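For the record, the sequence lines run as chains F and V. Positions 1 to 406 (the numbering used here) are the ones given, in order, by the first sequence. Positions 1 to 444 (the numbering used here) are the ones given, in order, by the second sequence.
If you are wondering where the hints come from, they were derived from the structure by calculation, not from laboratory data. None of the values given here were measured: they were computed from a predicted structure. Among the hints, erroneous ones may be present.
Heads up, simulated DSS-like pairs for lysine-lysine below, C-alpha to C-alpha not over 30 Å straight-line [what the hints assert, rightly or not]: (1) F:Lys-184 - V:Lys-72; (2) V:Lys-72 - F:Lys-178; (3) F:Lys-73 - F:Lys-115; (4) V:Lys-233 - V:Lys-52; (5) V:Lys-52 - F:Lys-115; (6) V:Lys-296 - F:Lys-115; (7) V:Lys-85 - V:Lys-52; (8) V:Lys-72 - F:Lys-115.
Simulated restraints, written as ranges between beta carbons of each label pair [as the list claims (entries may be wrong)]: (9) V:His-180 - F:Thr-111: 57 to 63 Å; (10) V:Arg-265 - F:Arg-160: 40 to 46 Å; (11) F:Thr-154 - V:Asp-230: 18 to 24 Å; (12) V:His-386 - F:Arg-145: 46 to 52 Å; (13) V:Asn-306 - F:Lys-178: 33 to 39 Å; (14) V:Asn-148 - F:Glu-148: 21 to 27 Å.
Residues of chain F clear of chain V, computed beta-carbon distances all greater than 10 Å [said to hold, decoys possible]: (15) Asp-157; (16) Arg-160; (17) Tyr-284; (18) Val-334.
Note that CB positions come from ideal geometry on N, CA and C, so glycine has one too.
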Amino acid sequence: MNLHIRPIMSALLRNRTGAVLVALQVAIALAVLVNALYIVMQRMDKMGRPTGMDVGNIFVIQSAGFTARFNLKSSIQDDLAYLRGLPGVIAATPTNAIPLSGGGSSQGLVTVPGKHSTDTFGYYEVDEQGLDALGLHLVAGRNFRHDEIEPPITTNDASRFVHNVIMSRATAEQLFGKQNPLGKTVYDSIGQGATVIGIVDPAMNSWVDSDHADFVFYMPRVTSALYGGVRYMVRCRPGQRDVVLRLAEAHLATSNPDRVMHFVRPMTYFRDLSYLGDRSMGIYLLTVTGLMLAVTCLGIFALATFNVATRTKQIGTRRAVGARRSDVVRYFLVENGVITSAGILLGCVLALATGYYLSVQYALPRLDLYYLVGGVLLLWIIGQVAAWQPARRAAGVPPSVATRTV
Amino acid sequence: MLGYYTHLAFRSFGRNPGITALMVLAIALGIAVCIMTLTVFHAMSGNPIWWKNDRLYAVTMDNWDPNQSFRKKHPDLPPPIMTYKDARVVASSDIPERKIIMYTVEATLSGVGAAPLRTDTRMTTGDFFAMFDVPFLYGTGWSKSADNPPQPVIVLSRKTNDTLFGGTNSVGRVLRWNDHEFRVVGVLDDWFPRPHFYDLIGGAFQPPEDAYVPFAWGPALELQSSGDTDCWKPETINNEADFLASECVWIQTWVELPDRATRQRMQSFLDNYWADQHRAGRFPRPRDNRLTNVAKWLRDNQVVDNDNRVLVGLAFAFLAVCLINTVGLLLAKFLNAAPVTGVRRALGASRRQVFLQHLVEVAMLSVLGAALGFGLATLGLAAVHHMYAAAHLGHRGGYQELMHFDTVGVFWAIALAIVATLAAGLYPAWRVGRMPPAVYLKSQ
């Protein structure tokens with residue numbers, strides 16, 4: 001098949017402004033499309049990471065005693081008895097912090113006492129229902145027993161560590177490499193040791209933006225009220241969360257006059273808040289990129305329409321001297337293909353340059369070339385689709401036009 | 001003449017309503033996206049106390065781990081907060097005109113009839129209010145004499161006063177703060193510095209705290225920070241005394257220095273103190289004592305994050321595509337109407353006049369586009385605002401507060417409309433003005 005590139009090129013070169021403008025649009029659109037999609041995919045991967053937790057069925061209650069009469073121990077006992085007795089509740093645990101929420105505590109762990117820890121691991125104080133209340137999956141070892149749950153730290157022994165810990169697989173691998181972590185001892189910064197009794201996987205700590213969001217371990221300890229009150233995490237049967245949440249809120253708000261409710265919220269609230277920036281970035285990028293493609297598409301369409309309109313006579317002449325309708329359609333599609341390809345070529349350079357700039361300036365990962373290939377194909381198809389209708393219209397020009405004096 | 005060109009432009013719009021609509025829409029979309037992004041960017045990058053930029057300084061001293069910096073990703077930055085002992089030393093200096101040390105706690109307000117109220121309370125020193133030009137509705141802050149030993153005095157935000165006292169003047173009233181009696185000495189007027197420059201922990205756009213209490217109550221009542229507490233040194237910290245003596249950082253420190261000379265004196269004060277401590281075995285890292293003004297403080301703490309910069313770039317790339325698109329359409333349109341222009345030229349219109357006539361047409365398109373773009377941006381900002389406010393996501397972070405139009409939005413709309421006119425219109429108008437009229441008179 002002869003595409004007749006030469007006459008098309010010479011026609012283009014004689015009247016190049018419009019073509020150059022469209023090629024420029026295609027180039028910018030390609031550079032933006034490829035990089036935007038790449039960023040969006042990274043954010044989606046980040047938001048879609050397995051948390052290991054039953055986030056959708058968990059809610060969190062935070063309250064704080066504010067008078068001298070308030071008894072932390074009996075209050076926690078009463079609250080847990082009430083929460084665990086509610087129909088629809090699978091498990092409930094007191095905790096010091098809410099995973100995925102952006103708030104919490106972390107500390108260093110080492111395998112040799114006195115060694116310097118370069119990593120910090122998010123930790124959660126839970127009781128024997130802790131793993132169940134979070135919906136975590138134990139892949140090795142065992143859960144905490146009731147008699148292993150230690151009393152809360154106080155302002156007299158705030159450095160006290162625990163005797164046992166359960167940790168994420170990522171934590172275990174960071175500390176022990178390929179060795180079996182079960183039964184091994186980990187130490188805090190001042191050399192107090194704890195035995196690893198269980199491994200959960202997957203699991204996440206509070207900080208979704210951290211490089212090591214899976215560095216997390218669990219302590220068998222009743223949480224203290226030292227850091228802004230007591231939090232409970234309550235996991236419900238599917239569909240029961242909102243009903244249970246309202247019951248629990250009503251009860252805890254009135255059951256003890258010496259405390260004040262801070263909030264009762266589904267865990268999804270905290271997760272969504274942590275990912276809000278990623279989500280809105282994704283939506284914004286997709287919207288603007290979509291609009292940009294639409295504008296580019298219209299630009300291609302308009303140029304093709306204009307070209308057809310100004311060449312009615314020539315088309316008629318070609319038809320009169322023997323060109324078929326398909327030849328005319330092909331002419332315009334090839335012309336469009338040449339323009340789009342030029343734009344795409346420039347766009348590839350722009351896309352790579354933008355990707356490089358973003359990776360250097362903003363420490364984003366380097367652009368994945370598959371996206372470039374996909375973007376090139378997409379823009380080429382968009383170009384052909386946009387030019388299709390004007391090309392068809394051109395094919396409809398009757399040969400008799402050529403014989404008329406316009 | 002301008003009136004006539006305007007008339008011609010309307011006639012021209014009428015000839016190709018589709019293309020005209022397309023051009024207006026392209027300009028509008030480009031401008032709308034730019035305004036939206038820039039509005040948010042501007043709100044984020046603002047300095048809410050710019051008039052004191054050469055007076056207010058955050059004090060930091062790098063007391064961190066000899067083996068690693070405070071922020072792994074920004075090894076050049078010291079911790080933004082200080083240890084208790086170092087903050088106390090700064091607070092004891094007579095060099096600054098004003099100085100504050102502070103942190104935040106969660107506290108409960110009760111004893112005034114209404115249900116107990118959970119608050120974010122700022123534990124700070126008396127200079128806070130004058131230093132940051134905080135407006136008062138009733139009463140005042142507390143005097144320095146109330147700082148040490150701490151007096152049971154409290155300043156409420158306007159919102160807290162509305163909740164507890166129905167907005168009436170509560171100065172002199174007594175309430176219970178964490179179950180201790182405190183007397184209200186002042187109520188703030190509406191005050192919402194954006195960003196929340198004096199404490200960027202927990203979100204740069206959060207509202208100011210609900211209540212303000214003398215700093216020394218914190219250690220006295222052993223109240224832990226609800227902000228960040230960071231420790232690097234292996235030390236046994238069992239009780240409050242251990243904690244206060246530790247290398248843990250948790251206190252924000254600001255000083256007001258009226259001139260360069262005071263600033264230099266303050267810097268040498270810090271350096272001398274550092275040297276003493278260094279000799280005594282503290283401060284294992286290289287000396288890095290800083291007085292950072294607000295603008296640099298906001299930059300160092302990355303209030304405007306990378307996403308926002310990327311979005312501004314994207315917005316301008318989009319505007320470029322829209323304008324290139326418009327140039328193409330205009331060129332096509334003008335050249336298509338060249339025979340008419342040819343007649344005008346032949347009848348005596350100068351090149352300049354033809355150029356001006358077409359430029360007027362482009363200017364009108366741009367004005368229409370800018371107006372529509374402004375409308376679209378308003379809708380877009382409302383949509384984003386809604387997205388943030390939905391599901392009560394709004395209370396923390398306060399990002400939805402950024403989605404408001406301000407005069408800056410209007411300014412940008414006008415500026416961008418002018419830029420759009422010049423960028424999109426100059427070349428097509430020039431091209432059409434340069435065409436020899438004869439060609440178009442020949443065969444018609």
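Self-check item: Numbered hints the structure breaks, given as an ascending list
Solution: 3, 4, 5, 6, 9, 14, 15, 16, 17
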